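Asker: Spelled out from the first residue to the last, the chains are:
Number of protein chains: 2
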Amino acid sequence: MSLIVQKYGGTSVGSAERIRNVARRILDSHEAGDQIVAVVSAMSGVTNRLIELSEEVTGKTQNATEREMDVLLSTGEQTTIALISMAINSMGGKAVSLTGAQAGIQTDGVHTKARISNITPDEVHRLLNDGNIVILAGFQGRSPEGYITTLGRGGSDLTAIAMAAAVDAELCQIYTDVKGVYTCDPRVVKTAQKIEEISYDEMLEMASSGSKVMQSRSVEFAKKFGVRFEVRSSLNQQPGTLVLEETMSMESVVIRGISLERDQAKITIEGVRDQPGTAAKVFTSIAGANIIVDMIVQNVSKTGTTDISFTVGQADLANAEKTLNAVLPDIGEDVSLVSQEGIAKLSVVGIGMRSHSGVASQMFDTLSKAGINIQMISTSEIKITVTVGNDEIDDAARAVHSAFGLDDESAD
Amino acid sequence: MSLIVQKYGGTSVGSAERIRNVARRILDSHEAGDQIVAVVSAMSGVTNRLIELSEEVTGKTQNATEREMDVLLSTGEQTTIALISMAINSMGGKAVSLTGAQAGIQTDGVHTKARISNITPDEVHRLLNDGNIVILAGFQGRSPEGYITTLGRGGSDLTAIAMAAAVDAELCQIYTDVKGVYTCDPRVVKTAQKIEEISYDEMLEMASSGSKVMQSRSVEFAKKFGVRFEVRSSLNQQPGTLVLEETMSMESVVIRGISLERDQAKITIEGVRDQPGTAAKVFTSIAGANIIVDMIVQNVSKTGTTDISFTVGQADLANAEKTLNAVLPDIGEDVSLVSQEGIAKLSVVGIGMRSHSGVASQMFDTLSKAGINIQMISTSEIKITVTVGNDEIDDAARAVHSAFGLDDESAD
Numbered sequence: 001m002s003l004i005v006q007k008y009g010g011t012s013v014g015s016a017e018r019i020r021n022v023a024r025r026i027l028d029s030h031e032a033g034d035q036i037v038a039v040v041s042a043m044s045g046v047t048n049r050l051i052e053l054s055e056e057v058t059g060k061t062q063n064a065t066e067r068e069m070d071v072l073l074s075t076g077e078q079t080t081i082a083l084i085s086m087a088i089n090s091m092g093g094k095a096v097s098l099t100g101a102q103a104g105i106q107t108d109g110v111h112t113k114a115r116i117s118n119i120t121p122d123e124v125h126r127l128l129n130d131g132n133i134v135i136l137a138g139f140q141g142r143s144p145e146g147y148i149t150t151l152g153r154g155g156s157d158l159t160a161i162a163m164a165a166a167v168d169a170e171l172c173q174i175y176t177d178v179k180g181v182y183t184c185d186p187r188v189v190k191t192a193q194k195i196e197e198i199s200y201d202e203m204l205e206m207a208s209s210g211s212k213v214m215q216s217r218s219v220e221f222a223k224k225f226g227v228r229f230e231v232r233s234s235l236n237q238q239p240g241t242l243v244l245e246e247t248m249s250m251e252s253v254v255i256r257g258i259s260l261e262r263d264q265a266k267i268t269i270e271g272v273r274d275q276p277g278t279a280a281k282v283f284t285s286i287a288g289a290n291i292i293v294d295m296i297v298q299n300v301s302k303t304g305t306t307d308i309s310f311t312v313g314q315a316d317l318a319n320a321e322k323t324l325n326a327v328l329p330d331i332g333e334d335v336s337l338v339s340q341e342g343i344a345k346l347s348v349v350g351i352g353m354r355s356h357s358g359v360a361s362q363m364f365d366t367l368s369k370a371g372i373n374i375q376m377i378s379t380s381e382i383k384i385t386v387t388v389g390n391d392e393i394d395d396a397a398r399a400v401h402s403a404f405g406l407d408d409e410s411a412d
Numbered sequence: 001m002s003l004i005v006q007k008y009g010g011t012s013v014g015s016a017e018r019i020r021n022v023a024r025r026i027l028d029s030h031e032a033g034d035q036i037v038a039v040v041s042a043m044s045g046v047t048n049r050l051i052e053l054s055e056e057v058t059g060k061t062q063n064a065t066e067r068e069m070d071v072l073l074s075t076g077e078q079t080t081i082a083l084i085s086m087a088i089n090s091m092g093g094k095a096v097s098l099t100g101a102q103a104g105i106q107t108d109g110v111h112t113k114a115r116i117s118n119i120t121p122d123e124v125h126r127l128l129n130d131g132n133i134v135i136l137a138g139f140q141g142r143s144p145e146g147y148i149t150t151l152g153r154g155g156s157d158l159t160a161i162a163m164a165a166a167v168d169a170e171l172c173q174i175y176t177d178v179k180g181v182y183t184c185d186p187r188v189v190k191t192a193q194k195i196e197e198i199s200y201d202e203m204l205e206m207a208s209s210g211s212k213v214m215q216s217r218s219v220e221f222a223k224k225f226g227v228r229f230e231v232r233s234s235l236n237q238q239p240g241t242l243v244l245e246e247t248m249s250m251e252s253v254v255i256r257g258i259s260l261e262r263d264q265a266k267i268t269i270e271g272v273r274d275q276p277g278t279a280a281k282v283f284t285s286i287a288g289a290n291i292i293v294d295m296i297v298q299n300v301s302k303t304g305t306t307d308i309s310f311t312v313g314q315a316d317l318a319n320a321e322k323t324l325n326a327v328l329p330d331i332g333e334d335v336s337l338v339s340q341e342g343i344a345k346l347s348v349v350g351i352g353m354r355s356h357s358g359v360a361s362q363m364f365d366t367l368s369k370a371g372i373n374i375q376m377i378s379t380s381e382i383k384i385t386v387t388v389g390n391d392e393i394d395d396a397a398r399a400v401h402s403a404f405g406l407d408d409e410s411a412d
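Chains as they are written, first to last, in my numbering: chain V, 1 to 412; chain C, 1 to 412.
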C-alpha cells in the first residue's frame, strides 16, 4: 500500500459530471489499494466570478482588501472539496474533506500570495489511517493569526507537492488536460513524443522557456524536498511524465526537449559606456515597471563602449521603451535605443549536454542548413537558447527536433 | 459607546447593490459611535444553488454526506462576509470578516442542525477593541473535532442572538424585509399597527401561531439569556419592534397581537376508550411520520369513551389519515376517524390576559356577533386559539382586532 497525493485542476472539476468522473477516478485509485490524498482546485470559472463580484461591491476603482479577497476566493476550493467528497461517498467510498487550515497548512501572513511555512499533517494521517480518502482544498492555508490565506497562481500544484513532501508520499500525480511533458509542442512538431522521465532541472528550464505545464515555483519546491511527481491526463488512464531527481541513465539523452516562446521583442542599448552600475540602472528601471526581462546579452567591450541586448514580451515593449528613454540620459551621452518586434525564442534543454560536447555547434549548424538566421544566443549549463524570427520558429523547431533524434518514428 | 449586534438576512444581501447598501448601513451605525458586530446570511438563492449542485454530483437519489453538506453550505455565508467587509473597507471603513469557527462559535457535532454549545468571543473582542467592525458569518460553527457545522433553519438569527449574549451586547438588531411585528397581518387587517414592545413569551406565542418573523428557537435563546432584540426593516431607518423581558407596564395591554394560520385540517378520533396509553399511541404514530400536530383537544369522558381532536397542516392530512388508519385497530373496536379540511386558526396573544378576566368571553362574543362559528378552542396562560372556517378567518381577524382596541385609528 502506497500513499499517493493526486491533484485535479479547475477544468477537471468544472461541472457536476466532471466532478463525478474525478470522484470515480479517486475511488478507483483507492480501491487499487493505495492511500489517497486528492488536492482539488475551484471549479473553472468560479474564481473569475468571485473576482467580478468583489469588483462590483467595491465599485471597481477600489482594490478589495487582500485579507477579505482570500476569505472570498477560498470558498471556491471549499465548494469543490465538499462536492467531490459527497460524490465519492455516494459511490460507496469513504471520503472526508479538509480545508487548507484543517489540513495543517500554515503560511506566512502575506494575503493573496502567501508562502507555505510549515505543514502539520496529523489530521491527514489520522483520517488516512481510519481508511478515509482525504480531499484537500488546494491554493489555501492559514496564517499565524488563524486567518485564511491563499497561495497565488499555481497554488494548488504547490499544495499537492508540499503535502506530498509533508506526508512522505510515494508519488504526487498532477492531473491536467495534457498527457504529459512533450519533447516539443505537438501542435508545432507533429513527431513530438511524450517524455517518460525528466529531471527537476530540465523541467525547470522547460517551464522557464515557455512550456507552461507547471509553474517553476512548484517544480522548485519538489526539487528541494525530493518529491517525485507525475504530470498526466485526467481524461485517460495512460501514464504521463515522471519528474524526479536526475539518474545516471538520464545523461545518455543529450536533449530532453525543445521549448518555444513566440511574440518576443529585442531591445538593444547601443553605445553604453563600459563602467560599473550601468546595467544595474537599466534593469532596475525595467523591473520597477514590472516588466519581465529575459536573455540578457552583453558583448565584451573593445572601444570603451558596448551594446546591451535583452528580450521582453512583445506586449511589454512600448512600456519598456518609455521607461528606458527616461533613464537613457543617465547612462551616457551617445547612447541610443534600438528595438525589434516579431522575434521568437527556441531553447534546447537536456542535462546530457553537460557531458556531451558539440551540442551548440550541432544546433547552429542545423539552423544554418535550414536557412534560418540566429539573432541572439544565450546558454546555461543545460540549456541553449537562440532567437529567430517569429515566422521561422516552426521550421526551426522541426529541424532541431529532428536533428537531435527526438522524432517519434511511429508518428504520421 | 454601545456594543450592538446586527443581523442581515439573505434578501438584504442578495445582490452587489444590496451588499453596498448593507455595508453603508453598518458603517453609518459604526460612525454614530457604536461598536458593531454584523451577522450575515448567504446571498439569497446561493444556498439553493449549492443544494442543487450537491444533488447533481451525488445523483439525486443519494443523500449527500451531512458533514460535507456543511462544508458546502458554509461557503455561502463565507462569501457574504468577505464581500461585505471589502465593501465597507472600500467606503473608508475598517471591517474584518470572521467565519463561525474563527469567531469562537463552538457547536455539538450534529451536522446540518448543530446546536451552539459555547462561544469564546476573544477574537471578536480583540478586533472590536482595535476599532474594527466585525462581520460574522451566520448559520455556522465548529464541532469539537474542528469540523465545520451549520445550525439549520433560522441559524443566522440564532448566531446573532447567541453572539449578542456572549459579548453582552446592548442590543441585537434583526434586519428583515418587514418593519417589525404587527398586531395582525397587515395584508388582512388594514388597521394593524406595528408593536413597539413585546415580551419574549408573547413573541413565542405569536411565532408558534403563524407569525413567522423569527423562529421560536432564536426567541427562546434570547429569553434564556435575556438578550434584548429588535426586529426592524433593512429598507428604511424606522425603529422596529423591541422584544424583551416583560415589564410592569406591558400588562396594561390585554391583547398584544393576533396571529392567523390558514389551511389547517382537523382530525377527530371518535369512540376512543378512555384508558391510559391511548393518546400516546395516536401521537407517537403521527410523530413517527414527521407530522406536526397542534391544538389537541379531548373532552372529559362520560360514557367510558371520548373523542380526541387535533389539527395538522392541510398538506399533511392524507399522510396523517394513512398513518392513523394503521393504528386504529389497536385503539379500540368501535373507533372511527373523521377529518375536515379548510379550517383556519385565530390566536389572540397577550400577557395582559393573566390579570384581566373576560378575554375569552369577549372574543367568543365578538365572533358570535360577526356570525362566525367556532369549531375548536384551546387556551394557554397568555393565548386563546380558536378554529374557524378558512373563508371566515379574515372577517374573524378584523372583528377581534377591532374589539380588543388594536386598530390604528390613523390608518385609512
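By construction, these hints were calculated from the structure, which means they are not laboratory data.
Being a predicted model, the structure only gives us computed values, none of them experimental.
Treat the hints with care, since some could be wrong.
Since the list can't tell identical chains apart, any single copy or any two copies may satisfy a pair.
[To be verified] SDA-like cross-link-like pairs, simulated, lysine to any residue; straight-line CA separation at most 20 Å:
no.	residue 1	residue 2
1	Lys223	Val338
2	Lys60	Asn21
3	Lys369	Thr284
4	Lys60	Gly93
5	Lys369	Leu128
Asker: Where does the structure disagree with the numbered hints, that is, which hint numbers, in rising order?
Answerer: Numbers 1, 3, 5, in rising order.
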